[in-house]
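Once you have looked at the hints, place chain Z on chain L.
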Amino acid sequence: MIGGFLQPDDGEIIIENNNITNIDSSERPTATVFQSYALFPHMNVMENVTYGLKVKKLSQQDKLKKGKKMLEMVGLSHYKDKKIGQLSGGEQQRVALARALIMNPKVLLLDEPLSNLDARLRIQMRKEVKDIQSELGITTLYVTHDQEEAMGLSDRVVVMNQGEIKQIGSPETIYNKPENEFIANFIGRINKLSNGKDKFYIRPEYIKVIDADSDVNYEGEVVQKQYRGAFITYFIDHNDTLIQADILKREDKSWNIGEKVKFDFYEDQIIHLQD
Amino acid sequence: MSDYNQKNSSLSSALDIFSYNFLYIFLAISILVFIFWPVVEVIIESFYFDESFSLEMYRNLFQRNFNLVTNSLFVAVLTTTLTIIFSTFVAIYTSFAGAKLKRFIFLVLLMTMVSPPFVSALAYIRLFGRRGFMTYGLFGVTLNTYGWQGIVAMQTLSNISLSALIIIGVISGIDKSYIMAAKDLGADTKEIVFKIIIPLAKPGIIVVALLSFVRSLADFGTPIIIGGGYRVLATQIYLNVIAYFNLPRAAAMSVLILIPAMFAFFVYRYYMENLKFSSSGFSVSDRFQNIFKLSGAVKYLITVFSCFFLTAILLQYFTILFTAVTTYSGGNLIFTLDHLRALDSTIMASFYRSIRYSLIAASAGSFIGLLLSYYIERSNLPGIKSIDLISTLPYIIPGTFFGIGYILAFRDYPLRLTGTAAIVLLNYIYRQMPLVIKTGSAVLQNVSQDLERAAKDLGAGRLTVIKDIVFPSLKPAFLVSFVNTFAVTMTSIGAVIFLIYPGGKVATVEMFDAIENGNYGLGAVMASMILLFTLIVSLTFVIFIMPDKKITESDKFKFIRGIFK
Numbered sequence: 001m002i003g004g005f006l007q008p009d010d011g012e013i014i015i016e017n018n019n020i021t022n023i024d025s026s027e028r029p030t031a032t033v034f035q036s037y038a039l040f041p042h043m044n045v046m047e048n049v050t051y052g053l054k055v056k057k058l059s060q061q062d063k064l065k066k067g068k069k070m071l072e073m074v075g076l077s078h079y080k081d082k083k084i085g086q087l088s089g090g091e092q093q094r095v096a097l098a099r100a101l102i103m104n105p106k107v108l109l110l111d112e113p114l115s116n117l118d119a120r121l122r123i124q125m126r127k128e129v130k131d132i133q134s135e136l137g138i139t140t141l142y143v144t145h146d147q148e149e150a151m152g153l154s155d156r157v158v159v160m161n162q163g164e165i166k167q168i169g170s171p172e173t174i175y176n177k178p179e180n181e182f183i184a185n186f187i188g189r190i191n192k193l194s195n196g197k198d199k200f201y202i203r204p205e206y207i208k209v210i211d212a213d214s215d216v217n218y219e220g221e222v223v224q225k226q227y228r229g230a231f232i233t234y235f236i237d238h239n240d241t242l243i244q245a246d247i248l249k250r251e252d253k254s255w256n257i258g259e260k261v262k263f264d265f266y267e268d269q270i271i272h273l274q275d
Numbered sequence: 276m277s278d279y280n281q282k283n284s285s286l287s288s289a290l291d292i293f294s295y296n297f298l299y300i301f302l303a304i305s306i307l308v309f310i311f312w313p314v315v316e317v318i319i320e321s322f323y324f325d326e327s328f329s330l331e332m333y334r335n336l337f338q339r340n341f342n343l344v345t346n347s348l349f350v351a352v353l354t355t356t357l358t359i360i361f362s363t364f365v366a367i368y369t370s371f372a373g374a375k376l377k378r379f380i381f382l383v384l385l386m387t388m389v390s391p392p393f394v395s396a397l398a399y400i401r402l403f404g405r406r407g408f409m410t411y412g413l414f415g416v417t418l419n420t421y422g423w424q425g426i427v428a429m430q431t432l433s434n435i436s437l438s439a440l441i442i443i444g445v446i447s448g449i450d451k452s453y454i455m456a457a458k459d460l461g462a463d464t465k466e467i468v469f470k471i472i473i474p475l476a477k478p479g480i481i482v483v484a485l486l487s488f489v490r491s492l493a494d495f496g497t498p499i500i501i502g503g504g505y506r507v508l509a510t511q512i513y514l515n516v517i518a519y520f521n522l523p524r525a526a527a528m529s530v531l532i533l534i535p536a537m538f539a540f541f542v543y544r545y546y547m548e549n550l551k552f553s554s555s556g557f558s559v560s561d562r563f564q565n566i567f568k569l570s571g572a573v574k575y576l577i578t579v580f581s582c583f584f585l586t587a588i589l590l591q592y593f594t595i596l597f598t599a600v601t602t603y604s605g606g607n608l609i610f611t612l613d614h615l616r617a618l619d620s621t622i623m624a625s626f627y628r629s630i631r632y633s634l635i636a637a638s639a640g641s642f643i644g645l646l647l648s649y650y651i652e653r654s655n656l657p658g659i660k661s662i663d664l665i666s667t668l669p670y671i672i673p674g675t676f677f678g679i680g681y682i683l684a685f686r687d688y689p690l691r692l693t694g695t696a697a698i699v700l701l702n703y704i705y706r707q708m709p710l711v712i713k714t715g716s717a718v719l720q721n722v723s724q725d726l727e728r729a730a731k732d733l734g735a736g737r738l739t740v741i742k743d744i745v746f747p748s749l750k751p752a753f754l755v756s757f758v759n760t761f762a763v764t765m766t767s768i769g770a771v772i773f774l775i776y777p778g779g780k781v782a783t784v785e786m787f788d789a790i791e792n793g794n795y796g797l798g799a800v801m802a803s804m805i806l807l808f809t810l811i812v813s814l815t816f817v818i819f820i821m822p823d824k825k826i827t828e829s830d831k832f833k834f835i836r837g838i839f840k
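Those sequence lines, one after another, are chains L and Z.
Numbering-wise (my numbering), the first sequence opens with residue 1 and increments by one.
Numbering-wise (my numbering), the second sequence opens with residue 276 and increments by one.
None of these hints come from the bench; they were simulated from the model.
Only a predicted model underlies this, so the values are computations on that prediction, with no experimental measurement involved.
Do not take every clue at face value.
[To be verified] Calculated pairs, DSS-like style, for lysine-lysine (alpha carbon to alpha carbon, straight line, at most 25 Å):
{"no.": "1", "chain 1": "L", "residue 1": "K260", "chain 2": "L", "residue 2": "K199"}
{"no.": "2", "chain 1": "Z", "residue 1": "K750", "chain 2": "L", "residue 2": "K82"}
{"no.": "3", "chain 1": "Z", "residue 1": "K458", "chain 2": "Z", "residue 2": "K470"}
{"no.": "4", "chain 1": "L", "residue 1": "K54", "chain 2": "Z", "residue 2": "K750"}
{"no.": "5", "chain 1": "Z", "residue 1": "K742", "chain 2": "L", "residue 2": "K80"}
{"no.": "6", "chain 1": "L", "residue 1": "K69", "chain 2": "L", "residue 2": "K82"}
{"no.": "7", "chain 1": "L", "residue 1": "K54", "chain 2": "L", "residue 2": "K80"}
{"no.": "8", "chain 1": "L", "residue 1": "K82", "chain 2": "Z", "residue 2": "K742"}
{"no.": "9", "chain 1": "Z", "residue 1": "K742", "chain 2": "L", "residue 2": "K56"}
{"no.": "10", "chain 1": "Z", "residue 1": "K742", "chain 2": "L", "residue 2": "K57"}
If we strip away everything but chain L, and leave its shape as in the complex, we get (with noise of 0.2 Å):
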């Protein structure tokens, strides 16, 4: 929609206090790295990069050396006049990039460009895209499924579900703060638990895990324990309820499947939500 793609049903889009709403996607201030990357594939790298300054009518000198300039950007310079189907997944997700970023556009559209990818280069293409990103200072709008990505990309995120949006904030203030339950739900995992009458929530790693004879009123036994690396969440039956529990492995005690326990909370930590 704010690409140009769709008709909204109601509203207005504004960029810098120009009303975009009606105008054609060739003519808006905002370039588009799609999630297939949509490059061109009869044209070679550096032609699909120049190809909006093409369209432009800019004089061949200065689309070569904004091309190359761009190309450079993203580590690409070698291979500009690769034919795309080449380039692997992650350089022809740079090739994308470069092609929006060329155009210096107001906004820079970014639709879950990274899925495409394997986990690993994910990582790194993450960390290329926020570096460029700062270092251009170009206000992106980032679509992603992966929360995890959107946590570490952001200054703001917008949750939405079923085309609501359910909370606006800083990555922190999600995790940290959701404001109801759908965003205590959805935005990593999470505790549900209830204190008489009183419903709180309290995430995996602010649970502590303690022998069964120590006089705390949270009691359960731990029916299932999964190593995760740097921790262990183990899954902990409390009167019907799975909690999980994250458990750091530098503490010095573990409990086996089968052990009763008692558990508490970091009392800062508790998530109360209104219904």
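Chain Z in isolation, oriented as in the chain L frame:
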């Protein structure tokens, strides 16, 4: 962005939208004028009797010529049944054959697809006719083999190739794991063929049935040449136009054929929309062979049918070549070059004219059709759905119907085209429209729309997007459509036989005339020329001009499976 710039760019944007819409209107009008109007004209004409509106034509048809209708239906039903049985077996046989055998069968099928019409009929006469190589030559008998049996046999023979190719396409689209699963669960060949493959290929078989039925109803050439006294609607349509000049009567008969054809068309459309051809192509089915081999009684059944078909086809071509270089002299068969010498300058002129027409029709038709396919696939402009539907009409309406439509629509003001080369060319171009559009749509459906969005996003206007993005994407479709239209135009006869002007004949019409006049030798020479030339051009195109790796085997063969006469 300054104010001035904004105004300037919105002006160019408006101009862009205007040209984009104008192009669409132009295309839409051309479809209405050159497809819809002729069809409507035929229907209107059929209600004219003594210069006034009446149902007389139809009453007349049903009362006095009821046997024409029943004859047509009888032949069509028999032809369809036989075509289904043969083409299904041939398709299964080919699908599970080894790579070499498969290539050979494809070549045979390809050859029959680019054969001019009546080749079968001509071969039939030479083999089983009064002076047939088989009947008279071998056994010394003169049999009267003219009649419905010959018509059914020859129509079936010429229908099988296209039908088998369609079913092969469907079979190669079947998920191989179904067959593996069936095998894993202990199914034998019989089970797999009859309970897995045939049911899954059913949409293809239904399409084949409808096409064969309609093609049989519309075929006038075969019955005229080998029907003897057996008359069907299609032959009478032809005679009413060519010999009796009774256009209203011909129109009424054509409408009669159109009714089942239209019914078939809608069923066909329904199935074609839900029919997925394998995108991975025929090469994948080589692996098919490794997971499943025919065996047992079913294998023999399928092999016998397929070999019978292949023998018949090869015999047919052999007969044509043989006829081209032999003659009877004093009761003896001798080799001669007389028929080749009979190719005078008039006939050669017709042959060159055919080539010229085919090249023009192929370029213009592909260009117009592919542009249309872009609008159909990507835009939601008003009326586009109807244009899509109308442009598919020539796929199923009989060639003669379309020809009569052109006579009626363009005989007078405002578009008087009778007796020009233009009417012949336009007919060729718009007759192939459905195929071109389908090819374009198939390619566009595999091209992400994001490409066009990306170009727009980078500032390209609508027309620039078409030029820079859509046309390059459609290149494979253009090549396929070009070969297709070229081959069909070289070999078809149905509609143009009514439209050509004296001195403006095309090769297939010369061939038809020669056969009709009993000049079989010359007919065979013409048939061989048309066949060889078209085959060579098509193969050259496939092998040398489409070496692009992005064009898969299946794309290459799309053009054969799509050729309709």
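Status of each hint after checking the structure:
{"no.": "1", "hint": "L/K260 - L/K199", "verdict": "holds, 24 Å"}
{"no.": "2", "hint": "Z/K750 - L/K82", "verdict": "holds, 21 Å"}
{"no.": "3", "hint": "Z/K458 - Z/K470", "verdict": "holds, 12 Å"}
{"no.": "4", "hint": "L/K54 - Z/K750", "verdict": "holds, 22 Å"}
{"no.": "5", "hint": "Z/K742 - L/K80", "verdict": "holds, 23 Å"}
{"no.": "6", "hint": "L/K69 - L/K82", "verdict": "holds, 17 Å"}
{"no.": "7", "hint": "L/K54 - L/K80", "verdict": "holds, 16 Å"}
{"no.": "8", "hint": "L/K82 - Z/K742", "verdict": "holds, 22 Å"}
{"no.": "9", "hint": "Z/K742 - L/K56", "verdict": "holds, 15 Å"}
{"no.": "10", "hint": "Z/K742 - L/K57", "verdict": "holds, 15 Å"}
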